[in-house]
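S.K.: Sequence:
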Amino acid sequence: MIKIPKEKIIQKIQENTELSEDEITSKINEKLKQLSGLISEEGAAHIVANQLGVNVLEQTGRLQIENVVPGMRQVDIFGKIVRVYDVREFEKQDRKGKVGSFVIGDETGMIRVVCWNDKTDIIDELKQDMLIKIEAGYARENRNRRKEIHISNQGSIILDPKDAEEIDISVKNRRKKISELKDNEDNVEILGTIVQAFDPRFFEVCPECGKRARMKEGAYQCEVHNEVEPNYSYVLNLFVDDGSENIRVVLWRNQIQGLLQKKHEELIEMKDSSFEEIKNDLLGQIVKFEGRTSRNEMFDRLEFIARYVHLNPDPEEELKKIKEQNKQEKESNKTKSEDQEEEEKIVINEDKKDDLSKEDVMSLEDLEEL
Numbered sequence: 001m002i003k004i005p006k007e008k009i010i011q012k013i014q015e016n017t018e019l020s021e022d023e024i025t026s027k028i029n030e031k032l033k034q035l036s037g038l039i040s041e042e043g044a045a046h047i048v049a050n051q052l053g054v055n056v057l058e059q060t061g062r063l064q065i066e067n068v069v070p071g072m073r074q075v076d077i078f079g080k081i082v083r084v085y086d087v088r089e090f091e092k093q094d095r096k097g098k099v100g101s102f103v104i105g106d107e108t109g110m111i112r113v114v115c116w117n118d119k120t121d122i123i124d125e126l127k128q129d130m131l132i133k134i135e136a137g138y139a140r141e142n143r144n145r146r147k148e149i150h151i152s153n154q155g156s157i158i159l160d161p162k163d164a165e166e167i168d169i170s171v172k173n174r175r176k177k178i179s180e181l182k183d184n185e186d187n188v189e190i191l192g193t194i195v196q197a198f199d200p201r202f203f204e205v206c207p208e209c210g211k212r213a214r215m216k217e218g219a220y221q222c223e224v225h226n227e228v229e230p231n232y233s234y235v236l237n238l239f240v241d242d243g244s245e246n247i248r249v250v251l252w253r254n255q256i257q258g259l260l261q262k263k264h265e266e267l268i269e270m271k272d273s274s275f276e277e278i279k280n281d282l283l284g285q286i287v288k289f290e291g292r293t294s295r296n297e298m299f300d301r302l303e304f305i306a307r308y309v310h311l312n313p314d315p316e317e318e319l320k321k322i323k324e325q326n327k328q329e330k331e332s333n334k335t336k337s338e339d340q341e342e343e344e345k346i347v348i349n350e351d352k353k354d355d356l357s358k359e360d361v362m363s364l365e366d367l368e369e370l
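Here the numbering used here is used: the first residue of the sequence shown is 1, the next is one more, and so on.
Worth flagging that the hints you see were computed from the coordinates, not collected in a lab. Because the structure is a prediction, the values reported are computed rather than measured. For glycine and all other residues, C-beta sits at the position ideal for the given N, C-alpha and C. What you were told as hints is all true, and nothing was included just to trick you.
Derived DSSO-like pairs (lysine-lysine); straight-line CA-CA distance at most 30 Å:
{"no.": "1", "residue 1": "Lys279", "residue 2": "Lys263"}
{"no.": "2", "residue 1": "Lys327", "residue 2": "Lys182"}
{"no.": "3", "residue 1": "Lys320", "residue 2": "Lys80"}
{"no.": "4", "residue 1": "Lys98", "residue 2": "Lys211"}
{"no.": "5", "residue 1": "Lys127", "residue 2": "Lys96"}
{"no.": "6", "residue 1": "Lys80", "residue 2": "Lys8"}
{"no.": "7", "residue 1": "Lys279", "residue 2": "Lys177"}
{"no.": "8", "residue 1": "Lys176", "residue 2": "Lys80"}
{"no.": "9", "residue 1": "Lys80", "residue 2": "Lys119"}
{"no.": "10", "residue 1": "Lys80", "residue 2": "Lys147"}
{"no.": "11", "residue 1": "Lys182", "residue 2": "Lys8"}
{"no.": "12", "residue 1": "Lys263", "residue 2": "Lys147"}
{"no.": "13", "residue 1": "Lys133", "residue 2": "Lys80"}
{"no.": "14", "residue 1": "Lys320", "residue 2": "Lys177"}
FRET-style restraints, in silico, Cβ to Cβ:
{"no.": "15", "residue 1": "Phe203", "residue 2": "Leu319", "range": "34 to 44 Å"}
{"no.": "16", "residue 1": "Asp241", "residue 2": "Pro161", "range": "42 to 52 Å"}
{"no.": "17", "residue 1": "Glu185", "residue 2": "Pro313", "range": "19 to 29 Å"}
{"no.": "18", "residue 1": "Leu131", "residue 2": "Asp94", "range": "34 to 44 Å"}
When you get a sec, could you build the whole thing from the sequences and use the hints?
M.R.: The following block contains the structure:
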C-alpha cells in the first residue's frame, strides 16, 4: 500500500480546490467520526480527496525525490549520484547474496537506492556527480522509517541517460547554527567541535535485511528471515558544539567508518577493546555533518542523525558560508526592523485618523445644534 502522509494529501487538496487547510482538516475529522475510528487519518484524507475529485497520486512531469512515497511501483526517476557504498555479501542458510546501495539527489532532496544480487554489478561504474536514470524501481520504507528505492528484477539503472531533461540537479544542504535547529528538518548541515564522545555500541543484525537479530531459543532470530547467522552493526553518539549551542549527534555504521577512517572489519575486531584512546583523539576535532533532526521522545531532546561526515572541512569554503550566513541574518533582521517600523507608522496614522474623525463628528454635532 502506498503511504502518503496526511499533510501531503491536505496540500494536494488545497492545490486543486478553493478549500483552506482548516476546512479540509474539518472534513477529515468529520469522516473519522462517521467511520467510528475504523480508519486512519490518512485513510480519511484519501476518502475526502476522492470525494472532491482530487487524485493524490497524479504526477505531472518529471518525478522528483520529494514526491516519492513508500508503496510506489514502476518508479522512473532521474538523479545525481551523491555517494556510493561498498557492495556487501551475505549468507542465509544455503543461499548467498549481495546487496549494494548508493544515494541520489535532485533539487528536492536525497534518497537511497538499493540493489540486490546481479543488480549490484553496475555499482562499480557509478561515480559521484554522475547523472543516472532509474527505471521500474519500487519505493519502500526502511527500518528507520526512511524511504528508499529498490531495483527489482525488472528494474534498471541507466548511466548518463539521453532523455535527461536540461535541469540543474544540485543537492544543497542548509547550513544552520545548532541553536536554530528544529524537529524533523532534513538536508541540514552543521559545523562544530566534538566536545564529548561515547563508546560505540555493537549489536547483532540480520545479514539480509539489516534488521535487529535477537537471541531466542539458543539462536539469533530475525523477525523477517527467522533463524540467521548474524552480522554486526554499531552506533556511536557524540556531543558537538558550534558556539551557539550543543547537540547530540548520532552516527551509524557507514558514518562511524567515515569519522574514524576505519573499515567495517577493523571496527569489528575492536568490538571488545577499549575505545578510550580513540575517544580522546576525537575531542576538539572540527567536523561538518550533513543529516536530519529528530526528537528523542524518551529523553525529550532534539538530536542530529548524521548522514554524511566531513573531516577537515575547507577553511575558505567554511568562511564563505559563515559570511553568507551572517549576511542572511542581517537581511532578515533588517526586514523585520523595516516591517516593525511600517507597522508602527500604520498604528500612528490610524490613531491620527481616529482623532480627526472624533473632532469632525463633534464639529458637525455643534453645527446641527446651531
